[in-house]
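Starting from the structure of chain E, add chains Z, H, L, U, W, X and P where the hints point.
There are 8 protein chains.
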Amino acid sequence: MVGQDAVDLGFARVDVDREARQGLPEVVYGTGKTPGQVVEIVRTLLRHNDGPVLVTRVDPTAATSVLRAVPAGEYDSGARLLVWRPAAPTGFSVVVAAAGTADRPVAHEAAAVATAVGIGVTTVTDVGVAGLHRLLAERDRLRAADTVIVVAGMEGALASAVGGLVACPVVAVPTSTGYGAGLEGITALLAMHASCAAGITVVNIDSGFGAAMAAFRLSRVARRGTT
Amino acid sequence: MVGQDAVDLGFARVDVDREARQGLPEVVYGTGKTPGQVVEIVRTLLRHNDGPVLVTRVDPTAATSVLRAVPAGEYDSGARLLVWRPAAPTGFSVVVAAAGTADRPVAHEAAAVATAVGIGVTTVTDVGVAGLHRLLAERDRLRAADTVIVVAGMEGALASAVGGLVACPVVAVPTSTGYGAGLEGITALLAMHASCAAGITVVNIDSGFGAAMAAFRLSRVARRGTT
Amino acid sequence: MVGQDAVDLGFARVDVDREARQGLPEVVYGTGKTPGQVVEIVRTLLRHNDGPVLVTRVDPTAATSVLRAVPAGEYDSGARLLVWRPAAPTGFSVVVAAAGTADRPVAHEAAAVATAVGIGVTTVTDVGVAGLHRLLAERDRLRAADTVIVVAGMEGALASAVGGLVACPVVAVPTSTGYGAGLEGITALLAMHASCAAGITVVNIDSGFGAAMAAFRLSRVARRGTT
Amino acid sequence: MVGQDAVDLGFARVDVDREARQGLPEVVYGTGKTPGQVVEIVRTLLRHNDGPVLVTRVDPTAATSVLRAVPAGEYDSGARLLVWRPAAPTGFSVVVAAAGTADRPVAHEAAAVATAVGIGVTTVTDVGVAGLHRLLAERDRLRAADTVIVVAGMEGALASAVGGLVACPVVAVPTSTGYGAGLEGITALLAMHASCAAGITVVNIDSGFGAAMAAFRLSRVARRGTT
Amino acid sequence: MVGQDAVDLGFARVDVDREARQGLPEVVYGTGKTPGQVVEIVRTLLRHNDGPVLVTRVDPTAATSVLRAVPAGEYDSGARLLVWRPAAPTGFSVVVAAAGTADRPVAHEAAAVATAVGIGVTTVTDVGVAGLHRLLAERDRLRAADTVIVVAGMEGALASAVGGLVACPVVAVPTSTGYGAGLEGITALLAMHASCAAGITVVNIDSGFGAAMAAFRLSRVARRGTT
Amino acid sequence: MVGQDAVDLGFARVDVDREARQGLPEVVYGTGKTPGQVVEIVRTLLRHNDGPVLVTRVDPTAATSVLRAVPAGEYDSGARLLVWRPAAPTGFSVVVAAAGTADRPVAHEAAAVATAVGIGVTTVTDVGVAGLHRLLAERDRLRAADTVIVVAGMEGALASAVGGLVACPVVAVPTSTGYGAGLEGITALLAMHASCAAGITVVNIDSGFGAAMAAFRLSRVARRGTT
Amino acid sequence: MVGQDAVDLGFARVDVDREARQGLPEVVYGTGKTPGQVVEIVRTLLRHNDGPVLVTRVDPTAATSVLRAVPAGEYDSGARLLVWRPAAPTGFSVVVAAAGTADRPVAHEAAAVATAVGIGVTTVTDVGVAGLHRLLAERDRLRAADTVIVVAGMEGALASAVGGLVACPVVAVPTSTGYGAGLEGITALLAMHASCAAGITVVNIDSGFGAAMAAFRLSRVARRGTT
Amino acid sequence: MVGQDAVDLGFARVDVDREARQGLPEVVYGTGKTPGQVVEIVRTLLRHNDGPVLVTRVDPTAATSVLRAVPAGEYDSGARLLVWRPAAPTGFSVVVAAAGTADRPVAHEAAAVATAVGIGVTTVTDVGVAGLHRLLAERDRLRAADTVIVVAGMEGALASAVGGLVACPVVAVPTSTGYGAGLEGITALLAMHASCAAGITVVNIDSGFGAAMAAFRLSRVARRGTT
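Chains as they are written, first to last, in the UniProt record's numbering: chain E, 1 to 227; chain Z, 1 to 227; chain H, 1 to 227; chain L, 1 to 227; chain U, 1 to 227; chain W, 1 to 227; chain X, 1 to 227; chain P, 1 to 227.
In short, the hints are calculated from the structure, not lab data. In this text the structure is predicted, and so the values were computed from the model without any measurement. Since no wrong hints were added, every one of them can be taken at face value.
Computed Cβ-Cβ distance ranges for the label pairs, DEER-style:
(1) Z:P89 - H:T122: 31 to 41 Å
(2) Z:T31 - P:F11: 24 to 34 Å
(3) L:A20 - U:P71: 51 to 61 Å
(4) P:F11 - Z:A20: 34 to 44 Å
(5) Z:T31 - P:D50: 47 to 57 Å
(6) L:A88 - Z:G36: 34 to 44 Å
(7) Z:G36 - L:A144: 28 to 38 Å
(8) U:A20 - L:A20: 34 to 44 Å
(9) Z:R85 - H:D140: 22 to 32 Å
(10) Z:G36 - P:D50: 58 to 68 Å
(11) U:P71 - Z:G10: 56 to 66 Å
(12) E:A144 - P:A72: 30 to 40 Å
(13) P:R223 - E:L9: 42 to 52 Å
Sample of chain Z residues lacking proximity to chain E, with all beta carbon distances greater than 10 Å (derived):
(14) F11
(15) E74
(16) S93
(17) E138
(18) R141
(19) R143
(20) A144
(21) A167
Simulated coverage check for chain Z against chain L, where a stretch passes if three residues somewhere in it have a Cβ under 8 Å from a Cβ of chain L:
(22) 15-25
(23) 201-208
Glycine residues also receive a C-beta, built at the ideal position from the N, C-alpha and C atoms.
One chain only, chain E, in its complex shape (with noise of 0.2 Å):
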């Protein structure tokens, strides 16, 4: 339980030993923090940590104005995530696969934030169970994947199809789409919950950056292989 590893800045304690821990620097959660904490935080990961920084669910003001004070970061404006010093490819490969044009900017924050901690990432989009062709004709693509991580809202049926589909570890990213009977999400997270396709898990609605650590972890355990 090592424990000095904690870097304390007042308004927050920064996990510095997370790194050691688990493979990755504690990723900043940028709701609700000030373009100056965030500088903090920012820097002190970046000192005290050799591997990727993210700051997740940043709006646009805020990003430029913390690029403008820690340099060498990209900001992607799709997922809302800043990044300095991504990792480099380690051969793992996720499909992000979203059932319709609202799931993308779930969709947008899986894939940007897999990439940034080295994961190779293809993402298929309009996969709705509606239109079970446009499935199918991406099933080779699928099938290749390491992983896959399944976007959806409204019913969230795409995670039962794609689970019978492939063999490979799934995903599932429930998201508030939809209206009415969705229940801003809970709906589709709790069908993914009831899946007839065995060996599903989900993650929290909305939560692409869920769905992406999860996948780091899954290629952690990849890259170790098994004796």
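Below, chains Z, H, L, U, W, X and P without anything else, positioned relative to chain E:
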């Protein structure tokens, strides 16, 4: 509107006018009625109406006792349905598509009720979306139907997939199969409403009867034709 | 499962095969799309299909901008609907019955979409069950319809009342009108499912579009006739 | 306020002051009490009060045992109610209107309790809104009542319809009949609250007792008159 | 069931028969209506009825505009209520008891509507159960009322306490005040239904209007007397 | 932190270090354990600890069997609790206040567990807020307590009323008594959280045990005193 | 009980007796009150009581305006709290432990209110269970506290972990931080109640105030000691 | 895609193609199937596939009867699992970590299914977060795993704690243990999704099977390696 058209049996008032209004005598809901009460209601309906007389959700013991008192009826134990004077076939046909083995009792009720009111029924089962090839193998049969009744529990994804494959009306029946996040059918009901396939309609959980009645309403429009 | 039939526009894949499968080109869901994206999708659909092209939930400003780029369309501001090449009347007719004044926008969407796909529409409003005489005064009109679309929020009781009055299909649309115990339409949705009137079907909350699409599916069966 | 007015029986403290405060001795809730406990409580109430003594939700076996120990009581098995010293009729009259056959036990409890406290009761059943003619046939009887108690499960629509037909107070009792989307009475409870008919009030699910008590409160105001 | 008694204004059908059926003209729900629409409806009601005409939930700006077009009305900004031709006092009196300061707007609506329909109103506030001495200090006033309207948010406990103190009808109005576990009034609504005080009735969340209408129904029975 | 302080019994690992950390040996949750397993765990705890050993939720049959194998224990059938080596009284005292008769089993568990860990207990029952005089009659006893444990189901209003009467800590236990809108205790739990009385705390539904443990934590602070 | 002890200000009745009953003047809930109303209430409390006067949830603008009218108060903008006459330290001390950065505003309110009523406060932050070493590094500080207030959103797991580490009372505050499955704090609230750590108590979502008041009740018992 | 690859047994269609698609024959869900049906399905799978054949959720009586008809299988009564032809060990290893004793049956199912498909399994139990030292004592074993399956009911906090300790994939299984606020596992499911530990994934309530299947998918990627 003013109806002397109800017969008061003391413990129930039978709506003998319904056949005139809706083309079918009142269907008796068997749950919570004694065999003696069922006998009286059935006799009243047989006397005051000309069409098929149905009692749903009847236990085998009760059924035997009722049939002894009111002969010429048939009992379908899978559907738990009693029928007298079944309707002649109307030429309208439905496919009842059940996602999994556990959905069969509900599918059976839908099929038996539909048959009793003159609808032609074909049943296909085990066509859940986790095995798309089994669903696609039935595509032609589905497309030939006048209406498809989709029976599915768990995440209910079959409704969306069928909705995208066929152009005819789709009536979805969520079932209470599954466990945990399936919430006794609530998840499937919500998911079917949030479906990405346009124009799907939904009936109550486990209501094979409701789906068959919806199909009966459809069959009447089809017979009427349009001018 | 034909399939090269999707046109990839980069930001969306348009399902140009849907007209062949379902008798109607893909309907565009306007929410969250830029006018420029809508223009590209509409042009693709007009080029690859022959039937009506619809965009739902479009703001007036966006509508003006789209219509300038793709002329010959019509905008219905009450329904927030853009239409090109509306279908010729098919002879199939629905009554859209709205319980209260607040349900009118949803009823309007149902009516406009149904009209655009060739269905004849009559609208009756303010026929909520708290004033039964207003509903009963419309009885003949309701009974003449091929299908009744019931639009009701709050407790949604109109669906049960209409279901008992007519023999034709009833498609119920719960709306999010009302407050408190109405739970943004969830109460009406559940109540319509628990309805004591047999054979009623339900679509998603506020989905006038869904009800019209259900009616379109019905109209195709009616046209086909039965043999 | 300070009350020596409770009698402590060890296992319960009986509120013998309630008759003075509210015009009726405390009503005993039978569920979970042994016959011996009921006997002691009833004796205490008979001794310290003058008005009717009621025990609700009593099984037939327990009732027999209690009546043997405390004679001069009556047991109503349909209502599962024990009564000693029923009140003389006060001239106040209610109609108990039950939507369906399954709602009868709750209606029976409401009627039996109301009768025991001096209210005149007429019961009408099978007047659900799916058969409006049966409801309208009872219109005059409903309008003659001092109060209408509406007992309805499933979607509970009868409360709205009655609320629009009569000018007197309407007390709605949601019941747990039905299945699936009825949510054990929650749907009916919410729907009755969201009702489009103004001035309807609602009591707890299956609480025929609560509705009768509400009517008793009303009857006292009516007797008092206004000046 | 007479029925030509609705006046069609194009955007709404006004139920001008309601005064005959229920002793009060239709009350207009102001939300979502333009001042112009309100003006037309109010004029129709004033012309075809004799009693008070009310419009609820009207913003000050809209109220000014309506009053300019239809003079002789009064606007109560606290209750957001417009009234023409208020009823003469009937001698029936209610106490409106509000648990906390935040419940005052709802209490105000109840009081203003009740007054407009001829009921005498006394309001007591800040009598929540966390300070029982304040409630007990009002005991005599509460017991003198013909009916008590209890307005309470958060846990809604005031309804139970008042129900035990008075013998007259109690109409409970849950409010959406509070935060977190209060669930926007749902908790108070459920708690009031589960109340240990017998014979309490409940109306919709924040519906001061509903409570006043319930009181109006009560006042009519009281006036009628019993025979 | 690193603990060899757990004893592995194969089917369970007993936390024998807890007495050192928290001043009380681990309490055994009896549900789902065989008498044989309970015997082994109890023996382990008696051997490795000095303080009281408790097993909650034990059926009479299992209790008899366990006591035969591990003598010197006591069984409280009302609380379904087994105790060995009860603690000597510490001078800290609580009042357990139960709203109704149905809440007694939970109150009994709270009282028995508290007594076993050295807390003085007084129990008052039938003090629900619908009879405020019974509650107020206990005011002095409540105010003399070091802590009040409030046990209440249905709407749980007793917690708010007691919270306003006393200055000491109040631990509220919602119970699953009641029916319908009580939602098996969820309504009481939410209502207690939304309480208008400041500084009340809440434990899990039906958890008399949890309330007693909260009181035990309090008693330790009181004994420690403040400096 | 009889209280002339409330001062009626027209828009509110101030409970000036509360200091006598509970050892602390009534705390003013600022939300929804005008600065003018706050000024009047504060003046009343300062005049009729001797102890600290607090107003919670006050915006900076309102605070400035109130302080100008009632000098000698202090405003804590992080806690949004106004305080006059803070209590002298009592020697009772709490640790406020916040799981994440987003939980700080709630932790701040708890700390500021506790300090104002005489409790010594230490705050530790960023000790969520996903980084157990940061929590364990604070073990000694936690164990030295008289009470620990745990502030945590998302899954609220910190409450269970702290409950197992310390023997003193634990008051858990669920917060509405996080998104999706966190359900605005409901998930944390339920999880804290279902905690595997015995004797934890819970207050309302985001109620730093409630936790501080619970600690104040505790501090009074501790000061009193036990005999 | 087109599959003659399903064998129709009349009462079920067996997906004999699944081994080719997903590397494992279809797993049979035993609930609701007769021993005779299970026998037929198992024989079909053994004949058309080469890999392990599993039947989950089988009662001991049914198991005995099936094993008599289809010899060479093994029954694990703790996991209620039947297995024929278990897979040879693949070198991939998981730790199944169960929070409490009550979670063992679910952990057992996960372990037995994983073993049957060739995964090495170590089980650690009683490592709930209320006793962190027991969890930390297992740190090295957890960190050596290729994947950790966390089985936890009540508040499900173990998933967050493990997620912060290990770098490998974490699959969390919420269980329905506990009572009251645990909501039959829903609280744990939501809490695991709202977890503050990044990259955790979740399966359905009580689905030890689902977690093992997720691990099987992972093991295939690990074996494949990355290039």
